[in-house]
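Asks: Sequence:
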Amino acid sequence: MTETSHTTTETAGTVRAWLVERVAFYLERPAAEIDVSAPLVDLGLDSVYALTLCGDVEDRFGVVVEATMAWDHPTVNAMTAHLIGLVAGDR
288 MTETSHTTTE TAGTVRAWLV ERVAFYLERP AAEIDVSAPL VDLGLDSVYA
338 LTLCGDVEDR FGVVVEATMA WDHPTVNAMT AHLIGLVAGD R
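Residue numbers (this note's numbering): 288 to 378.
These are computed hints drawn from the structure, not numbers from a lab.
No residue lacks a Cβ here, since even glycine has one placed at the ideal position from N, Cα and C.
Misleading hints may appear alongside valid ones.
Taking CB as the label site, the calculated pair distances span [said to hold, decoys possible]:
| no. | residue 1 | residue 2 | range |
| --- | --- | --- | --- |
| 1 | A304 | E345 | 17 to 23 angstroms |
| 2 | D322 | T298 | 18 to 24 angstroms |
| 3 | A375 | P317 | 29 to 35 angstroms |
| 4 | P326 | V350 | 20 to 26 angstroms |
| 5 | G331 | G376 | 30 to 36 angstroms |
Based on the sequences and whatever the hints tell you, model everything.
Replies: Right, dumping it as structure tokens:
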């Protein structure tokens with residue numbers, strides 16, 4: 288998969304798995320412990336990591352997201368749905 292073609296091959300499952308891995312990395316927990324329906328703030332993700340996650344998303348998916356993405360879409364599932372919409376719009 289090349290950098291320019293990644294946006295056309297993303298699925299909800301791959302986006303969700305990537306988000307879980309990133310959140311787990313920031314929280315220093317195993318990915319299996321990340322509840323995809325729990326608010327990220329309840330899991331312990333602070334504002335610094337939420338902003339960093341936005342940058343990671345932009346780098347990974349080639350889309351621009353608002354700095355408030357983690358608060359506007361507060362769970363991994365909600366963020367996944369939002370990103371799939373953005374990526375689909377980028378096609």
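Asks: Of the hints stated earlier, which fail here?
Replies: none
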